[in-house]
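Asker: As given, the protein sequences belong to chains Z and C, one line each in that order. Residue numbers for the first sequence follow our numbering, beginning at 29 and rising by one. Residue numbers for the second sequence follow our numbering, beginning at -7 and rising by one.
Bear in mind the hints are in silico, worked out from the structure with no lab data behind them. We put the beta carbon where it would ideally sit given N, CA and C, even for glycine. Errors might be hidden in some of the hints.
[Stated by the list, open to error] FRET-style restraints, in silico, Cβ to Cβ:
(1) PRO221/Z with PRO205/C: 50 to 60 Å
(2) ASP98/Z with THR64/C: 23 to 33 Å
(3) THR64/C with ASP434/Z: 19 to 29 Å
(4) THR64/C with SER341/Z: 52 to 62 Å
(5) PRO221/Z with ARG179/C: 55 to 65 Å
(6) GLU148/C with ASP434/Z: 51 to 61 Å
(7) ASN130/C with ALA183/Z: 48 to 58 Å
(8) THR114/C with LYS179/Z: 45 to 55 Å
(9) ILE248/C with ASP434/Z: 17 to 27 Å
[Stated by the list, open to error] SDA-like cross-link-like pairs, simulated, lysine to any residue; straight-line CA separation at most 20 Å:
(10) LYS63/Z with SER341/Z
(11) LYS442/Z with ASP254/Z
(12) LYS63/Z with ASP346/Z
(13) LYS378/Z with ASP346/Z
(14) LYS312/Z with ASN130/C
(15) LYS274/Z with TRP149/C
(16) LYS260/Z with LEU269/C
(17) LYS442/Z with TYR63/C
(18) LYS124/Z with GLY187/Z
(19) LYS284/Z with ASP346/Z
(20) LYS284/Z with ILE244/C
(21) LYS139/Z with GLY187/Z
(22) LYS275/Z with PHE66/C
(23) LYS275/Z with LEU147/C
(24) LYS442/Z with ILE250/Z
(25) LYS179/Z with THR108/Z
(26) LYS265/Z with SER60/C
(27) LYS393/Z with ASN353/Z
(28) LYS260/Z with GLN163/Z
(29) LYS274/Z with ILE117/C
(30) LYS83/Z with LYS284/Z
(31) LYS83/Z with SER341/Z
(32) LYS378/Z with GLU79/Z
(33) LYS284/Z with ILE117/C
(34) LYS442/Z with PHE66/C
(35) LYS260/Z with SER60/C
(36) LYS284/Z with ILE248/C
(37) LYS442/Z with LEU275/C
(38) LYS265/Z with VAL61/C
(39) LYS224/Z with ARG129/C
(40) LYS71/C with ASN130/C
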Amino acid sequence: MSKIRYSRRSLLKTGAAAFAASTLPAPMIWAQEIKDITLRQFGTGVSNLNEVATKVKEDLGFTLEMTALDSDSVTQRAATQPDSFDIADIEYWICKKVWPTGNLQAMDTSKIKNYDKIVGIFRDGKLTPESTIAQGTAPHSVGFTSGPGGKDFVAEESGWMTLIPTIYNADTLGIRPDLIGRPIESWAELLNPEFKGKASILDISSIGIMDMAMVCEAMGEISYADKGNMTKEEIDKTIGIFTEAKKAGQFRAFWKSFDESVNLMASGEVVIQSMWSPAITAVKSRGIPCVYQPLKEGYRSWGGGIGLSANLSGMALDAAYEYINWYLSGWVGGFLMRQGYYSAVPETSKEFMSADEWGYWFEGKAAAGDITNPFGDKLAGAGDTRDGGSFYDRMGAVACWNAVMDENQYMVRKWNEFIAA
Amino acid sequence: MAALSKANILKSNNLTGWLLAAPLALVLALFLILPICLIVVVSFWQATEFSIIPAFSFENYEFLFGSSVTYTVFLNTFKYAAITWAITLVIGFTIAYYLAFHIRSQTWQTVFFLLCTVPFWTSNIIRMISWIPFLGRNGIANSALLSWGVIDEPLEWLLFSDFAVILAFVHLYTLFMVVPIFNTMMRIDRSLLEAANDAGATGFQTLTNVIIPLCKPGIMIGSIFVLTLVMGDFITVRLMSGSQSANVGRLISNDIALLQYPSASATAVILLITVLLMISALLRLVDIRKEL
Chain Z
29 MSKIRYSRRS
39 LLKTGAAAFA
49 ASTLPAPMIW
59 AQEIKDITLR
69 QFGTGVSNLN
79 EVATKVKEDL
89 GFTLEMTALD
99 SDSVTQRAAT
109 QPDSFDIADI
119 EYWICKKVWP
129 TGNLQAMDTS
139 KIKNYDKIVG
149 IFRDGKLTPE
159 STIAQGTAPH
169 SVGFTSGPGG
179 KDFVAEESGW
189 MTLIPTIYNA
199 DTLGIRPDLI
209 GRPIESWAEL
219 LNPEFKGKAS
229 ILDISSIGIM
239 DMAMVCEAMG
249 EISYADKGNM
259 TKEEIDKTIG
269 IFTEAKKAGQ
279 FRAFWKSFDE
289 SVNLMASGEV
299 VIQSMWSPAI
309 TAVKSRGIPC
319 VYQPLKEGYR
329 SWGGGIGLSA
339 NLSGMALDAA
349 YEYINWYLSG
359 WVGGFLMRQG
369 YYSAVPETSK
379 EFMSADEWGY
389 WFEGKAAAGD
399 ITNPFGDKLA
409 GAGDTRDGGS
419 FYDRMGAVAC
429 WNAVMDENQY
439 MVRKWNEFIA
449 A
Chain C
-7 MAALSKANIL
3 KSNNLTGWLL
13 AAPLALVLAL
23 FLILPICLIV
33 VVSFWQATEF
43 SIIPAFSFEN
53 YEFLFGSSVT
63 YTVFLNTFKY
73 AAITWAITLV
83 IGFTIAYYLA
93 FHIRSQTWQT
103 VFFLLCTVPF
113 WTSNIIRMIS
123 WIPFLGRNGI
133 ANSALLSWGV
143 IDEPLEWLLF
153 SDFAVILAFV
163 HLYTLFMVVP
173 IFNTMMRIDR
183 SLLEAANDAG
193 ATGFQTLTNV
203 IIPLCKPGIM
213 IGSIFVLTLV
223 MGDFITVRLM
233 SGSQSANVGR
243 LISNDIALLQ
253 YPSASATAVI
263 LLITVLLMIS
273 ALLRLVDIRK
283 EL
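All chains, full assembly: derive it from the sequences and hints.
Answerer: Structure below.
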């Protein structure tokens, strides 16, 4: 720390050209000092991958310490222990809760090299100029703040970002096509009596309630002003419909962890359920047919990003910006996209994927050969196409973003009643 | 004079008694009494989504007693406890009786007793989870029954049901019934049984008039074990019911997951009081200390 300040100051003192100070010696000093920097990142398991930390050490030279927690603990930690982290890897709906505490600092978009290439969803909210913006906590609505030190959210691209988007995807229902034997097209099928005792939903209230809302709306029972911010009446009615279905024996079980959802599906206990993309992959890798079924009402989507702790400053802050620029430069994007997620700057990721992988994951084309994930497991063979098609087909059909409601506590209590009913 | 009184003090039964009891008292105070006091204190606090605020408010209790869910869930917990208790008692008593009175050689008694503990060599959760593939729709139980022609369609209620929950409880906790009952049975004076026989009592009369009354302390200790374990459980209910049923433990664990520690504490306090009341009622029936 001290070295760089001292050398900069002395250079200025001796009247050396500003040109020399800013370009030539700085990278050399940077290279010496950066090895001592450790950034502490924490977040949910999805993108907190050790491979990323290893690659950071290799490419950037500094150390990234990763801690993976569940989303409740992540929220609590970001809100209450700002000293315990440098970089928070959180979802946008968590940002809505955490940002007002002032524990994160706004990021200057002029320092983000690939800012202009970031997908529209995270900037003006629109994937393409014609897109309509989905309900819920849309990332762009909590993506910008008024300036350094701002604790509010602003609608326009203000040049100060709250989170740099890193990873996102569109979720839908998973089905066992071999056990259902007919096309599934609507969320309403989750409560179809045909699947009595063979359906499941996840027992995580904040996400489960959204899936419920998608179903109730598809059934034509309720039309929501905003599924991501329901009124008490809407919550009552939604939970009421599902409680009735539960009592009638519609559900085989509820799942709380990733593995449970995989086992329920793989064992055939459940043929239709809310599911996450990697869980589908896990079922398929056991040789069991499983489809991430695109539905006509659209997807429930989620997005995550990295935020900087308010305590970061000086060299560590520079390193953090370096890390963010590196994050968006393509390697991580390729790594994540080859697992079925999307990167915030897809075009840089393209360079880190084979043409076939890019075609399969992003463009929705049929694979020419085997498609493997970064860990070498085969996910698809020649001729297979991705469920739901291309990036624009999938992300263009988002009906709702994961959200946190104003009536969150009420909803949680109602959710407990649903489980106990 | 001074030396004498010092020796006296050390010799005094009172002081040595206190000193001997002190280590245990200290451990209990630190690791049992203090945490419980903290739980009670926190149960009066308030919580927002991110933080807990020291306060003295009855809000948590008001919500707890004002919600119909609480009553349903407590009722459900009692139901699990009662059914599990009844089944483990019958099975536990039978096993203990067989071990104590039908196996004559002490070696075989030890061997069989150890056999009973074999399942305890693996973790609680693994023993529970191993039921899931067994009872599932396409599990071993259903495929066996189907191939024998006993049923035409897989039985759905085998897994993710109250049946599955109670099955797992019985499997997990029967040994807690066997051990204390076996222990009291082994201390029954065999000449009493002979006397009963000589007096013309049938086997059943001996059982009801001699053995059961003498086994009361064992039955009571086993019952306390089983009841407290079942009342406090949350993971068995979650896994075996496929998250579809709730007991008090699950209410508490849900609250903790949502960072509602005060409300979790309030529920825990009520659960603790309920269990203490149950145990004190049981202890009224038998004076365990006298009988031991």
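Asker: What's the verdict on LYS139/Z and GLY187/Z, does the C-alpha distance respect the 20 Å limit or exceed it?
Answerer: Holds, because 10 Å separates the two Cα atoms, which is no more than 20 Å.
Asker: Looking only at beta-carbon atoms, does the pair ILE248/C, ASP434/Z fall within the given range of 17 to 27 Å?
Answerer: holds (23 Å)
Asker: Return holds or violated for the Cβ distance of PRO221/Z and ARG179/C against the range 55 to 65 Å.
Answerer: Taking Cβ atoms as reference, PRO221/Z and ARG179/C lie about 59 Å apart, which means the hint holds.
Asker: Assess, step by step, whether the Cα of LYS284/Z is no farther than 20 Å from the Cα of ILE248/C, and give holds or violated.
Answerer: Cα-Cα ~15 Å, so holds.
Asker: Checking one constraint from the list: CA of LYS284/Z to CA of ASP346/Z, max 20 Å. Satisfied?
Answerer: At roughly 39 Å apart (the allowed maximum being 20 Å), ASP346/Z and LYS284/Z break the hint.
Asker: Just to be careful, I want the Cα atoms of LYS442/Z and TYR63/C compared with a cutoff of 20 Å; is the pair within it?
Answerer: holds (15 Å)
Asker: Please verify whether LYS124/Z and GLY187/Z have alpha carbons no more than 20 Å apart.
Answerer: It holds: about 18 Å lies between the C-alpha atoms, which stays within 20 Å.
Asker: CA of LYS265/Z to CA of SER60/C, is that 20 Å or under?
Answerer: Distance ~18 Å between LYS265/Z and SER60/C Cα, so the pair holds.
Asker: Taken at face value, is the distance from the CA of VAL61/C to the CA of LYS265/Z at most 20 Å?
Answerer: holds (17 Å)
Asker: Under the criterion that the straight-line Cα-Cα distance not exceed 20 Å, is the pair LYS378/Z, ASP346/Z satisfied?
Answerer: violated (27 Å)
Asker: Holds or violated: are the alpha carbons of LYS179/Z and THR108/Z at most 20 Å from each other?
Answerer: Given pair LYS179/Z, THR108/Z holds - Cα atoms ~16 Å apart, limit 20 Å.
Asker: Does LYS274/Z pair with ILE117/C here, judged by a C-alpha cut-off of 20 Å?
Answerer: It is violated: about 26 Å lies between the C-alpha atoms, which goes past 20 Å.
Violation of the numbered hints given earlier is confined to hints 6, 13, 16, 19, 27, 29, 30, 31, 37 and 40; the remaining hints are satisfied by the structure.
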